[in-house]
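Visitor: Now for the letters of each chain:
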Amino acid sequence: MSASQSAVRSRAEAVKASRTFDWLICFTLFFVVLGGYHIHYMLTGGDWDFWTDWKDRRLWVTVAPIVAITFPAAVQAMLWWRYRLPFGAVLCILGLLLGEWINRYLNFWGWTYFPVNFVFPSNLMPGAIVLDVILMLSNSMVLTAVLGGLSFGLLFYPGNWPIIAPLHVPVEYNGMMMTLADLQGYHYVRTGTPEYIRMVEKGTLRTFGKDVAPVSAFFSGFMSILIYFIWHFFGQWFNKTDFVKSA
Amino acid sequence: MKLLKDKVAKLSFVALLATVTASMFYTPTAAAHGEKSQAAFMRMRTIHWFDLNWSKEEVPVNDTMTISGKFFVFSGWPETVDKPEISFLNIGIPGPVFIRAGSWIGGQLVPRSVSLELGETYDFKVLLKARRPGDWHVHTMLNVKGGGPIIGPGKWVTVTGSMKDFKNPITTLTGETIDLETYNLDNTYFWHAFWYALGLAWMGYWMKKPMFVPRSIAVESGKADSLISSTDRKVAMGFAAGTIAIVAMSMSTTNEKFPVTTPLQAGLLRGIKSIEMPVTSVAVKVEDATYRVPGRAMQMTLTITNNGDSAVRLGEFNTAGVRFLDSNVAQDETGYPDDLLAEEGLTVSDNSPLAPGQSRTVQVTASDAAWEVYRLADLIYDPDSRFAGLLFFYDEAGKRQLITIDAPLIPTFI
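Just so you know, the protein sequences line up as chains A and B, in that order.
Mapping to our numbering: the first sequence position 1 is 1, numbers consecutive.
Mapping to our numbering: the second sequence position 126 is 126, numbers consecutive.
Incorrect hints may appear among the rest.
Not everything, but these chain A residues come out facing chain B in the computed CB check (under 7 Å) [to be verified]: (1) V8; (2) A12; (3) D56; (4) L59; (5) V63; (6) Y113; (7) N117; (8) I129; (9) L155; (10) P158; (11) I163; (12) V169; (13) V171; (14) E172; (15) N174; (16) T191.
If you are wondering where the hints come from, they were derived from the structure by calculation, not from laboratory data.
For glycine and all other residues, C-beta sits at the position ideal for the given N, C-alpha and C.
Go ahead and model the full structure; you've got the sequences and the hints to work with.
Guide: Given below as structure tokens:
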């Protein structure tokens, strides 16, 4: 077979080879994203995602979507502009959640015995689905950043509320009131995470009374717009074929 | 010969792989907490723990034990460590093998951070409920913001039974009694599985079509728009609308199910009550202090003045949780950890009763392997080569007085 000849001899063979290639790329991409995104998210959102007594209505709501929209934006840039595949954000979140669940179950529970109901990860899927759909329907990075980024921030808290609300039921404990999540943090001893490290309920949003979460979510959505732009460009830049050509 | 060499090389490679793999799967239990690695001056000149008591040495799962005692927040707190203005009474155990059922300083529950004053002595108590069987080293511990964890003495405690029997019942303010160990677990699994399945469905919809090669060719040839059909758009809109509707509905039903929720509680507890320590009648001046490296002994020259009305004798020197006793004056009756107790480790050149109004200069030697074992000898490598500790004097009636000392330490190597 010379270099000018095709490696396949029929259309059926070509389709088969193409699908095999699809699965190989998908499998590899999934685990590469899982690894990179997981490390990134643990380094930037770490404790807010680890513990229920960090999942508050101010900082967790603000920080988690901002640091989470990074990889979805970059992977979207690659999959959409090169292949018109609108599942970059969902692929990232599927990878991240799988990695996180493996980590929480095997490490946090299996090795160090923290109950899973104290260390489960945040749910980022609703925002990811909407982000992918907006990119697909709009075919616009700007609209995806503005509408998708905002939605990513806004959907985060309500998307998690059904999971964390039961842990915000109050309890009286030795003469003090706390939530069940606070009590988990107090009961299940973390030698290296003293109470003062906890970054919750800090800030100056006091004029909004008890309705702080929507304000935090809007701010998070606004910041997610900016972060989306930056990481989308990262994705486009890394997605160039210049590197291959020069090699 | 070459064949033999190749075989040896192959076998060596296999052996190397086997060794690396075996080492990856070898995960022995981490029993200690690095207490010996903490800088000696941190342990000697920050928090002085004393009168410690571990109520039990063996506890069945679900049963409780307490650690109680006192700690003195040293007046000569080192400049290189932030002051304990934001601190947290913790417990040094390998993960939640116990749960912390309660902790008190000065009688006040301290689930949050506290502000402590230099020069004050506080009593404390930590109530632990056994959760996981095993032999665990249970330490007192105070975390200081800007200073890190300041670990105190530790004692081995055995937890017996089975972790699957552990229960953690809590009654909420809404009147429901739950087991915090498993509460909300099914709900968490359900929602995560549900959203994960929805994400997989979205991915599956696109993955069932040809993906990379044909789509790349289409995009490169300017036919990108043909890759998204009207059905694709309808499906996508369905996913987005469904997602938003599910989020809204699940939030609404959750609010109906849990009408009473409160934000996480946080804040600093100030005004923690300290112990009114009795006025001391003994004055001590450290004339000099040396640490003799080969002999693992610290020698101090002290001038002791008794201003009280009863003769006194020096019974104990306590530093970094290590207790050096003169057994003729004081004995431990609390079951203090053996490795931290030098029952005859304190020698005083003249420890006869010091009569009221008298003053005497004595040579005091605190010697024990603990200096080396607990790496207190490393003090000579610290940035601020000073030592500190507590001296306990006893009068004729057995009444105890606590005096703190703080002075430079000169090492001797010969």
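Visitor: Holds or violated: is there a CB of chain B closer than 7 Å to the CB of A:V171?
Guide: holds, 5 Å
Visitor: So, A:I129 near chain B? Judge it on the closest CB pair being under 7 Å.
Guide: holds, 5 Å
Visitor: Does the closest beta carbon of chain B sit nearer than 7 Å to the beta carbon of A:T191?
Guide: Result: holds, 6 Å to nearest chain B Cβ.
Visitor: Using the nearest Cβ pair, does A:V8 come within less than 7 Å of chain B?
Guide: With a closest approach of 11 Å, the A:V8 hint is violated.
Visitor: Please verify that hint: A:N174, Cβ, nearest Cβ of chain B, below 7 Å or not.
Guide: Holds: closest Cβ of chain B sits about 5 Å from A:N174, inside 7 Å.
Visitor: Once the shortest beta carbon distance from A:L59 to chain B is found, is it less than 7 Å?
Guide: violated, 10 Å
Visitor: Hint check: is the beta carbon of A:N117 less than 7 Å from a beta carbon of chain B?
Guide: holds, 5 Å
Visitor: Does A:P158 pass the interface hint, meaning its C-beta sits closer than 7 Å to a C-beta of chain B?
Guide: Where the cut-off is 7 Å and the nearest Cβ of chain B is about 4 Å from A:P158, the hint holds.
Visitor: Mind checking the CB of A:Y113 against every CB in chain B and telling me if the closest is under 7 Å?
Guide: holds, 5 Å
Visitor: Double-check A:D56 for me: the hint is only fine if its C-beta lies closer than 7 Å to a C-beta in chain B.
Guide: holds, 5 Å
Visitor: Tell me if A:I163 is really an interface residue toward chain B, meaning its C-beta lies closer than 7 Å to one of theirs.
Guide: Where the cut-off is 7 Å and the nearest Cβ of chain B is about 5 Å from A:I163, the hint holds.
Visitor: Does the closest beta carbon of chain B sit nearer than 7 Å to the beta carbon of A:E172?
Guide: holds, 6 Å
In this structure, the hints that do not hold are numbers 1, 2, 4, 5, in rising order.
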